[in-house]
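Peer 1: One letter stands for each residue in the lines below.
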Amino acid sequence: MILDSKLPDGPLAEKWTKHKFNIKLVNPANKRKYEVIVVGTGLAGASAAASLAELGYNVKAFCFQDSPRRAHSIAAQGGINAAKNYQNDGDSVYRLFYDTIKGGDYRAREANVFRLAEVSVNIIDQCVAQGVPFAREYGGLLANRSFGGAQVSRTFYARGQTGQQLLLGAYSALSRQVANGKVKLYPRTELMDVVTVDGKARGIITRNLITGAIESHSAHAVLLCTGGYGNVFFLSTNAMGSNVTAAWRAHKKGALMANPCYTQIHPTCIPVSGDHQSKLTLMSESLRNDGRVWVPATIEMAEKLRKGQIKANDIKEEDRDYYLERKYPSFGNLVPRDVASRNAKYVCDEGRGVNETGEAVFLDFRDAIQRDGEDLIRAKYGNLFDMYQQITGENPYQGPMMIYPAVHYTMGGLWVDYNLMTNIPGLYALGEANFSDHGANRLGASALMQGLADGYFVIPYTIGDYLAQSGYDKISEDHPEFKKSEKEVKDRVQKLLSIKGEKTVDHFHKRLGKIMWDYCGMARSAEGLTKAKGMIKELKKEFWSNVKVLGDNEELNQSLEKAHRVADFIELGELMVDDALHREESCGGHFREEYQTPEGEALRDDENFAYVAAWKYQGEGQEEELVKEPLVFENVKLTQRSYK
Amino acid sequence: MNLTLKIWRQKNHSDKGGFKEYKVSDISKDMSFLEMLDVLNEQLSDSGEDPVHFDHDCREGICGMCSLHINGKPHGPKQTTTCQLHMRSFSDGETITIEPWRATAFPVVKDLVVDRSSFDRIIQAGGYVSVNTGGVPDANEIPIPKRIADEAFDAATCIGCGACVAACKNASAMLFTSAKISQLAMLPQGQVERKERAERMIAQMDSEGFGACTNTGACSAECPKGISLTNIARMNREYFSAVVSSDNV
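Quick mapping for you: the protein sequence lines, in order, are chains A and B. Our numbering applies: residue 1 is where the first sequence begins, and numbers increase by one. Our numbering applies: residue 645 is where the second sequence begins, and numbers increase by one.
Warning: the hint list may mix true and false statements.
Straight-line Cα separation of at most 20 Å, SDA-like style, residue types lysine to any residue; simulated pairs [as the list claims (entries may be wrong)]:
| hint | chain 1 | residue 1 | chain 2 | residue 2 |
| --- | --- | --- | --- | --- |
| 1 | B | K790 | A | R378 |
| 2 | A | K316 | A | R378 |
| 3 | A | K6 | A | K200 |
| 4 | B | K839 | A | A379 |
| 5 | B | K790 | A | D375 |
| 6 | A | K510 | B | S672 |
| 7 | B | K790 | A | K316 |
| 8 | A | K484 | A | N88 |
| 9 | B | K655 | A | A179 |
| 10 | B | K722 | A | N395 |
| 11 | B | K722 | A | K6 |
| 12 | A | K252 | A | D491 |
| 13 | A | K20 | A | Q309 |
| 14 | A | K510 | B | D690 |
| 15 | A | K500 | B | D694 |
| 16 | B | K722 | B | D674 |
| 17 | A | K252 | A | E481 |
| 18 | A | K548 | B | S672 |
| 19 | B | K673 | A | A379 |
| 20 | A | K184 | B | L688 |
| 21 | B | K673 | A | G308 |
| 22 | A | K503 | A | S470 |
| 23 | A | K31 | A | K6 |
| 24 | B | K717 | B | R653 |
| 25 | B | K655 | A | L556 |
| 26 | A | K253 | A | E574 |
| 27 | B | K722 | A | Q622 |
| 28 | B | K655 | B | S691 |
| 29 | B | K790 | A | A379 |
| 30 | A | K541 | A | Q622 |
Everything labelled a hint here was simulated from the structure, so no lab data went into it.
Make the full structure from the sequences, and use the hints.
Peer 2: So, in structure tokens, the structure goes:
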């Protein structure tokens, strides 16, 4: 199988413009003849649904939450990057492109990343026009802050809740189209399968979460904007409902899954406090603008801290190891996420962790408060400090925060070409659900940028190219392919309900999460991954013979919802392990212990692994086939990433 | 901690529903309220009883999906969302009463889950600026005084959870509706549709069956995001000025 990424030729800066001209258009009067399904209403889904409806397409938008406004994009905190260069500090489209390619450890496509940087400026204009209240300076112009992996200030923000404000902007645009009758909303509805007819995506099967009804929806194109799969680890910063089901069902229908092992472990999360924990909470990376990361210089002192014999504030300046500032003097506390996380792991593995479990480091605002005053720090980060205090019961204005890395984002996802179309014609993937722009590590404040770029400024152009070449004919929901998929879904529901085993769904999810975290988390090895593969196979067998799902299909049944999702996570887990095992190099968030520089940095193997690993499903119980898309770099020189 | 939970159980919308008592033990003070309910649900599942259904998603206080009337207060004793409420706010041996939001415009779906789609319809009536994607001015073209931007932001932080409605003896949605009207009325981008927006959103709010406002301020006092009562005053001003100068005659 050969993958055609449809990258336009010509100079980097002209590719998108040229491509927009070369692709086909749908006449305004003909757009109303097409139906488009959008699954997921986060930044990518809501912006795509609204923009396509504005153009005249008929859109059906689906989400599992009770309202489209609750999609997990809402929880993004720190900000959104854009190459506006409002700060006059040397930023440009090219610099944002370069930082993102480098930040991703040279495992993303140049053309995609350049387009992302190019349209980033339009996103900010669009959001401001919608009434998104970004932070402003006293002169009334927009304010910026810095984020990891960059030496310019290009991050636009709305206090610590930028994702909320951007999502509410997209949700308002979506709501306007609902009122106009161009979007029909299906909240509390979950995708169960993707339907293909003659090799093209022609609709989906859904389950109404209130009534349990299994329903068919036909369309001319299907957009999956369903987010990432971080919940495969059970504990992550994702929302409880975030899942891989839509992407996984598409994968089983033939869509390739690319780089599934690329997972982002975010360095600044509130540490795990006990077995009861259901999720982890992120403390925005923006805190690293002012907070200094440290652990005690000696293991003895860390032991005293853990036993509660001394407090952080008792430790003198010379006994503190500000290890990021020491190892990376030019980027300091603002190194990219993968580097910050790995170093937190190193110091904790050395025995210098600072909380009871030994898995935490300090993020200290003492110096910033002395320099700028408590009021200014409160104005910048007030809501984050409050959140920290609510969860831990400790006051971060008086002593340092304790943080530890946690699973946050997945760079891998459905393989898409330059038009965001998967290898199944008519099936698209947008936002975190695709793999396209972040390579092996995403820079902070780039997820919001990518979700909105895909939805507002890419798909409205590229979908026309496909639709213009396909007819207007509608496929009936009584078509045998729909009926066949409906039956498969119903059978699966019955199977889950009829096992009547002894262990709850959460029991299996927690066990899967532990396997993934221990062997496919921050550090991976061939030995560990091989072991994990066996364990996941066992777990899958046990799940399908011993899971306990109570209740019926024909009602609101949260155990059944979870069972569907966890069954898919188990299968995905196995593929992630395969992908991590096959990639015999370290890059970005994928760190193989066997491949590191003498200083403990990720050691890439560009000669053998500068490609996208796309996996093709081969049937139940079969090993998946690896399809490689070579990455060609015409503009940047591949170097060992250095943040020293 | 050992606790007694008095929880509202209701099979579906047409079921009458009633309280049922459960016991949970060995609850850690560091657990969130929802994690305590997770423990109960694992316990119920093990014994073959249908778990208690409740809405939740992000568990970091921002999506607005979690609800729950706890001991007579929306989101419980602290001014935060239920997912951010921790068990250290309760004491050992306590009996905790847990109910769904109670309002005509929020019908119960099952147990503690309610239907808040009325809020979506209020936004659909006008809670937006009518701009299409593309063709908008540069973001710095219109300076906005920081004070105005900050005030608009404060109104925009509403998470749409519905605690304001649940707290109000009239089940009024004035705080929710006014927060969106205020945000857009303060910003230059919202000026063009300012009057029409206020009229349409308020008309929708009334048609959903929410009650009127009698200025007791319970909504703002219970709002997990501290949305100010000033927004309601501003909405009333917006509404009156829209009505007296309305173009829709």
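Peer 1: It remains to establish, for every hint, whether it holds in the given structure.
Peer 2: Results for each hint:
| no. | hint | in the structure |
| --- | --- | --- |
| 1 | K790(B) - R378(A) | holds, 17 Å |
| 2 | K316(A) - R378(A) | violated, 25 Å |
| 3 | K6(A) - K200(A) | holds, 18 Å |
| 4 | K839(B) - A379(A) | violated, 33 Å |
| 5 | K790(B) - D375(A) | holds, 17 Å |
| 6 | K510(A) - S672(B) | holds, 19 Å |
| 7 | K790(B) - K316(A) | violated, 40 Å |
| 8 | K484(A) - N88(A) | violated, 59 Å |
| 9 | K655(B) - A179(A) | violated, 32 Å |
| 10 | K722(B) - N395(A) | holds, 17 Å |
| 11 | K722(B) - K6(A) | violated, 54 Å |
| 12 | K252(A) - D491(A) | holds, 16 Å |
| 13 | K20(A) - Q309(A) | violated, 65 Å |
| 14 | K510(A) - D690(B) | holds, 16 Å |
| 15 | K500(A) - D694(B) | holds, 13 Å |
| 16 | K722(B) - D674(B) | holds, 15 Å |
| 17 | K252(A) - E481(A) | holds, 15 Å |
| 18 | K548(A) - S672(B) | violated, 26 Å |
| 19 | K673(B) - A379(A) | violated, 30 Å |
| 20 | K184(A) - L688(B) | violated, 37 Å |
| 21 | K673(B) - G308(A) | holds, 19 Å |
| 22 | K503(A) - S470(A) | violated, 48 Å |
| 23 | K31(A) - K6(A) | violated, 24 Å |
| 24 | K717(B) - R653(B) | holds, 18 Å |
| 25 | K655(B) - L556(A) | holds, 9 Å |
| 26 | K253(A) - E574(A) | holds, 18 Å |
| 27 | K722(B) - Q622(A) | violated, 52 Å |
| 28 | K655(B) - S691(B) | holds, 18 Å |
| 29 | K790(B) - A379(A) | holds, 13 Å |
| 30 | K541(A) - Q622(A) | holds, 14 Å |
Against the hints set out earlier in the document, violations occur for numbers 2, 4, 7, 8, 9, 11, 13, 18, 19, 20, 22, 23 and 27.
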